[in-house]
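Could you build the full structure based on these sequences and the hints that come with them?
Line order of the protein sequences matches chains S and G. What the first sequence shows, in the working numbering, is residues 1 to 482, in sequence order. What the second sequence shows, in the working numbering, is residues 1 to 183, in sequence order.
It should be emphasised that the hints constitute simulated quantities derived from the structure, not laboratory data. We put the beta carbon where it would ideally sit given N, CA and C, even for glycine. Be a bit skeptical, because a hint or two may be false.
[Unchecked claim] Restraint ranges, calculated between C-beta atoms of paired labels, are given here:
#1 S:ILE198 - G:LYS100: 39 to 45 Å
#2 G:ARG65 - S:THR216: 40 to 46 Å
#3 S:LEU191 - G:TRP46: 25 to 31 Å
#4 S:PRO292 - G:ILE21: 41 to 47 Å
#5 S:LEU464 - G:PRO110: 56 to 62 Å
#6 G:MET105 - S:LYS122: 25 to 31 Å
#7 G:GLU104 - S:THR216: 35 to 41 Å
#8 S:GLU441 - G:VAL79: 25 to 31 Å
[Unchecked claim] Calculated lysine-lysine pairs in the BS3-like style (CA-CA distance at most 30 Å, straight line):
#9 G:LYS94 - S:LYS225
#10 G:LYS94 - S:LYS122
#11 G:LYS100 - S:LYS122
#12 S:LYS173 - S:LYS261
#13 G:LYS135 - S:LYS446
#14 S:LYS261 - G:LYS29
#15 G:LYS135 - S:LYS225
#16 G:LYS29 - S:LYS259
#17 S:LYS326 - G:LYS29
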Amino acid sequence: MIMEAKGIKKNTAIWILAVLVLFVLSIILGIIMRLNQGGAVHLEPGTFYADMTVHGITMIGIWFVAGMAGVNFIMERYVKTSYWANTFALVMTVIGVVMLWVSTLIGDFHAGWTFLYPLPFKIAWSAWATPMFLWALAVLGVGWLVWVLSLMAALLKKYSISQVFAWQHFRNKNPEVETPPFVLISMVSLLGVLTCLIAAVVLLVLLFAEYYSHGTFVNDALLIKNLTYFFGHTIANEMLYLGLAIIYELFPEISGRPKWKTTWYVAIAWNLTLFFVLLAFFHHLYMDFVQPQGLQIVGQLASYLASLPSAGVTVFSVIVAVYRTKIKWSLSNLLFFIGIAGWVIGGVGAVIDATISNNFLLHNTLWVPAHFHSYNAMGNVLFSLGFFHWFSVEYSKRKGQERLSSLKLSFLLLGGIGFLAAFYVAGAESIPRRYSSYPVEFTSAKLLATLGAVFATVYLIAILLFFSSIFKRCLNMVLQRS
Amino acid sequence: MQYALLLLFLVLAAVIALVFIIVYLSSAKSDDELKGMANPLQKRFWFLLILFVCLGIFAFITIPRSPYYLFAKEQPAKVVHVAAGQFFFTMSYKAINPDKPEGEMTIELPVNQLVEFRVTSLDVNHGFAIYSPSKQIVAQTQAMPGYVNVLRWKFKEPGTYTVHCLEYCGMAHQVMQTTFTVK
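As structure tokens, this is what we get:
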């Protein structure tokens, strides 16, 4: 039975509106950065890095909440979720985002979205901006922690622990209780998110301890770096998995195909993912040679193995689901399909960089934004856009015919591929990431940055075309009286 | 090497894109007669096994080439101490006093002989990336406060090498660099 709580539906529409507005603003900030690197505009370095900080943290935040909002909405099909936890997370997210934007764009805080210790304490901006940035993260963390726990609790009210992780599928081909793939992947992702949010709490407590003790308590840079990437890397991965949970549920449904069912194979794969993804973050510390070498090797192996169950199973399943099969293609499942391709191509770039001997040459060059923009801008964003489109059409009174689909997709592909190509080539040319402008000896850097900005503008046009139709429908949903 | 990796990536990306296009076209051409699979989430053991073997081979070849094991059993011909700070590199043949960091005016290193860099930071995290005369990264490590990272390398080509900071360290990060000569 499909249960549709009106409150959750309205909240989902608000989440979508907020994500789309912040996404457009953050893309514009990204384009300004590439234009500055190309020399077409001139920002003071501090302003550039504040722009870079807010761009990174906003993008991570919005695509995480987009995945969460989508999962929460679909979860209503299986269990009753908490409207209040959803609303609490929404309010805390709005407060947290406002604090982040104020601390960076007004307070000029520019320690980067990873705020790598001890840079946030070497204050080169308004003194209040550091605590405001850290408290903004605390506000977001509390809101998201409550939301994640409430969704996990909702699942565990209906399914036992072994059922929610589909362990009964390991040994039994037709178990009495079937765990839908959506439930399994959501639970695996939520547990991963919970783990990295706990790491974020520890991280913030340590940073606050140093800040408020005025340096009496001093942190260890290596420990903090490990915690930072355990949190940062894991949340960036888990948000992709939230998007995949939605795809497992909606791809067959929108395509007019039978619902996908969990098999022993899928159950084991996603249980393994839970484990491997929590160890992959070590690859961010390959160039810290003082890190124990065993952990470096674990980082490479876990990075490889994390891609096997999730990417191997998902990609292959989508391919066999589509191959020579009559599919009802629509904008939503096309976005899912292209997004899976973008995700796996970005994954290849990531695996290359997660190889220690390659990272020795590619670490912190533009290869890094190349691969993570591949699986975000051309992967995860498309998963969520597919959901947004489906949601806005399915539950809106303003059905109408979808126009300009080919144009939207063409712009998205052209802009996305061109924008990413400029990053990959620059990575191969050893051009550093996170430079406000380039020393003259990097001869191709300016041209590549300008090309990146041009193609990113084409991508932005595609997003604005999607934006206009989805925005109108969702706004209508929010404004209509229940 | 970097271009070889770019080529590898482009080939794999093109193959993946081609597979997705072929699969999409096969779906667009199919009619109702071909009903497809009832549940695509069935066991695909062989597919995962191939992926696993490919990645296993890749790991087996690459892990021994990790920088931690490079020239581990050899004695360095030259040791260079590096202290990074906002926004400078101090390099010296002698140990550097963190309270009064002083380095050499110029650093000259031998070609084809083992050089050991002992890299630390005086304030925040920095990068220590060595660029060849043709502006490609040849080796790098991080400069972390409270720790010393040891990087060993043999320079095969004489000339002027540039060191750039590759870990974002503040508003003048992009101009933080130094040079040394290999003869």
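Here is what the structure says about each hint:
1. S:ILE198 - G:LYS100: 39 to 45 Å: 42 Å, holds
2. G:ARG65 - S:THR216: 40 to 46 Å: Between ARG65 of chain G and THR216 of chain S, where Cβ atoms are some 44 Å apart, the hint holds.
3. S:LEU191 - G:TRP46: 25 to 31 Å: 30 Å, holds
4. S:PRO292 - G:ILE21: 41 to 47 Å: For PRO292 of chain S and ILE21 of chain G the Cβ distance comes to about 45 Å; the hint holds.
5. S:LEU464 - G:PRO110: 56 to 62 Å: At roughly 58 Å between Cβ atoms, PRO110 of chain G and LEU464 of chain S fall inside 56 to 62 Å, so the hint holds.
6. G:MET105 - S:LYS122: 25 to 31 Å: 28 Å, holds
7. G:GLU104 - S:THR216: 35 to 41 Å: Holds, since GLU104 of chain G and THR216 of chain S (Cβ atoms, about 37 Å apart) stay within the stated range.
8. S:GLU441 - G:VAL79: 25 to 31 Å: 28 Å, holds
9. G:LYS94 - S:LYS225: 29 Å, holds
10. G:LYS94 - S:LYS122: The given pair, whose Cα atoms are some 28 Å apart, holds under the 30 Å limit.
11. G:LYS100 - S:LYS122: Status holds; Cα separation ~19 Å.
12. S:LYS173 - S:LYS261: 11 Å, holds
13. G:LYS135 - S:LYS446: 15 Å, holds
14. S:LYS261 - G:LYS29: 26 Å, holds
15. G:LYS135 - S:LYS225: At roughly 29 Å apart (the allowed maximum being 30 Å), LYS225 of chain S and LYS135 of chain G satisfy the hint.
16. G:LYS29 - S:LYS259: 22 Å, holds
17. S:LYS326 - G:LYS29: 8 Å, holds
In the structure shown, no violation is registered for any of the earlier numbered hints.
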